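Build the full structure now, drawing on both the sequences and the hints.
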Amino acid sequence: MPSGDAITIASAAFLAVGGFLFGYDSGIISSTIALPHFKQYFDSPSDDTAGGIVSSFQGGAVLGTMINMAVADILGRKMTIFSGSVVSLLGSALQAGSTSMAMLIVGRFIGGVAVGMLTSTIPMYASEISMPKWRGALSGLLQWFLSWGFLVAQWLGYGCSFSKTDFSWRFPLAFQCVPALILVTGIWFLNESPRWLMEKDKHEEARIVLNKLRKGENASQIDLEFIEIRDVIAADREIGKVSAMSILTKPSWRKRLLLGCGIQAFGPLSGINVINYYGPRIYELLGIGTQTSLMIIGISGALSIVYCTIGLWMLDKVGRVKPLMVSAAFLGAALLVNAVQAQYINPDNANQLRSMVAMNFVFSLFYTPLGIISWVYPAEIFPVEVRALGNAITTFTNWLVNLVFAQFSPSALTHIGFRYFLCLLRLQPHRLPLLFGSSILKPKALVPHALDDPVGAMAMQKETSLSAHVEERQV
1 MPSGDAITIA
11 SAAFLAVGGF
21 LFGYDSGIIS
31 STIALPHFKQ
41 YFDSPSDDTA
51 GGIVSSFQGG
61 AVLGTMINMA
71 VADILGRKMT
81 IFSGSVVSLL
91 GSALQAGSTS
101 MAMLIVGRFI
111 GGVAVGMLTS
121 TIPMYASEIS
131 MPKWRGALSG
141 LLQWFLSWGF
151 LVAQWLGYGC
161 SFSKTDFSWR
171 FPLAFQCVPA
181 LILVTGIWFL
191 NESPRWLMEK
201 DKHEEARIVL
211 NKLRKGENAS
221 QIDLEFIEIR
231 DVIAADREIG
241 KVSAMSILTK
251 PSWRKRLLLG
261 CGIQAFGPLS
271 GINVINYYGP
281 RIYELLGIGT
291 QTSLMIIGIS
301 GALSIVYCTI
311 GLWMLDKVGR
321 VKPLMVSAAF
331 LGAALLVNAV
341 QAQYINPDNA
351 NQLRSMVAMN
361 FVFSLFYTPL
371 GIISWVYPAE
381 IFPVEVRALG
391 NAITTFTNWL
401 VNLVFAQFSP
411 SALTHIGFRY
421 FLCLLRLQPH
431 RLPLLFGSSI
441 LKPKALVPHA
451 LDDPVGAMAM
461 QKETSLSAHV
471 EERQV
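Numbering follows the UniProt record's numbering, with no gaps: position 328 of the sequence shown is 328.
FYI, nobody ran anything at the bench for these hints, they're computed from the structure.
One should not assume that every hint holds.
[As the list claims (entries may be wrong)] Straight-line alpha carbon distances no greater than 30 Å define the calculated BS3-like cross-link-like pairs of lysine-lysine that follow:
| no. | residue 1 | residue 2 |
| --- | --- | --- |
| 1 | Lys255 | Lys78 |
| 2 | Lys317 | Lys133 |
| 3 | Lys215 | Lys133 |
| 4 | Lys255 | Lys317 |
| 5 | Lys78 | Lys133 |
| 6 | Lys78 | Lys202 |
| 7 | Lys215 | Lys202 |
| 8 | Lys164 | Lys200 |
| 9 | Lys212 | Lys202 |
As the structure is a computational prediction, the values presented were derived from the model and not from experiment.
Next comes the structure, spelled out in structure tokens:
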């Protein structure tokens, strides 16, 4: 029998296939809309249409997170992931078989619904089954697998770009079915979240699952974790019934919601997805051809795997807040360098072009801490009673901001070119108040079900006293 650590790590790695699906679905469209045969088949889509193809995915993801707000705590973590994966299969089939632009956009929208459901469930699920020593890294696997998905999308798109038929864009879109099928078939071999089971008063089932996940550990430690989860849930019930509005009306939860939404919004506000979705368009402004630009993006994707591997290794060693501050500073610097160079761009100056491409690589490097932590942090800071709702709302924020950038970026790049990056640069200083605000909440030192106080350092004391109160009443 495998140890509890092996089961937990394998479970988190499997869940992160949803991150691969997210990365692949997001990445494949950048190469697809740049391919000559795609443009020929759909009669050279306009900027607004290209924006619609990309933003329909983001719009679907917004709806997917809204669906999660309503059903994630009812269906449970496993069934939510299964449902999202089935929806993904439907969307992928429609995209690959598209005979009209409307069919393609509907397929992208449905695929987005699926990814919205998955991305607002998987980090939370991974956090709930993980042991404290691995919690940050296992939750952050979503971003690592996302990078792999993006890498495969870019190189598959690059390889298929040499095809002289519609295969060049249909096959890459059809490949989205592969990770979805893996999730559909494999999710039933995972254990349900013990915290969700206990929230539904399935205590015996939760104990069995917890024993599997912590197999090999001291029995008293497993019992202590079981009691801790049970008592935190009981304490909140003792205080009063939790409703969907509680996350807004309770000050400490509202503060966590603001921090989680802010950190999730930082990702798209950085401009990362403008570069990811419209990379070929950006490099076209520099005079670089489609196939060369796809190769550059593929190399950047390969380096992202290295960045994410190092980032995951460091995550639980350096905490969450300091990497976010470093990320914000250097992302702004990289944007500034390219925005300034773009004012004096000379397509015949090879050194300048190489410098601007290199700045995009630097940008990708320093996005890594933000990319990982934006999924880990919101999954850690909410108490179990509102974790699914809180995680769904923070993910909703990410997709909503993405939707705006995805729709309007093609027109912006056409009309103002690289000056668009000056607009992105102006958004960077607005991160700092939230980054400093997040320093009061450092989940590195706390377990998720103990986070229920405006100041993170006091959370354990409060929950301990509440748990003791419940124990006295039970006796």
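How the hints compare with the structure:
1. For the given pair, Lys255 sits about 29 Å from Lys78 by alpha-carbon distance, which is consistent with the 30 Å threshold.
2. Proposed proximity of Lys317 and Lys133 is supported: the alpha carbons are some 10 Å apart, at most 30 Å.
3. Straight-line distance between C-alpha atoms of Lys215 and Lys133 comes to about 15 Å, which keeps the hinted pair within the 30 Å bound.
4. This hinted pair checks out: Lys255 and Lys317 have alpha carbons roughly 25 Å apart, not beyond 30 Å.
5. Annotation: proposed proximity of Lys78 to Lys133 holds, straight-line Cα distance about 23 Å (limit 30 Å).
6. A C-alpha spacing of about 15 Å is found between Lys78 and Lys202, which places the hinted pair at or below 30 Å, so the restraint holds.
7. About 20 Å separates the Cα atoms of Lys215 and Lys202, which keeps this hinted pair within 30 Å; it holds.
8. With a CA separation close to 55 Å, the supplied pair Lys164 and Lys200 exceeds the 30 Å bound.
9. Note on Lys212 and Lys202: the hinted pairing holds, with a Cα-Cα distance of about 16 Å set against a maximum of 30 Å.
Consistency note: the structure conflicts with earlier hint 8 alone.
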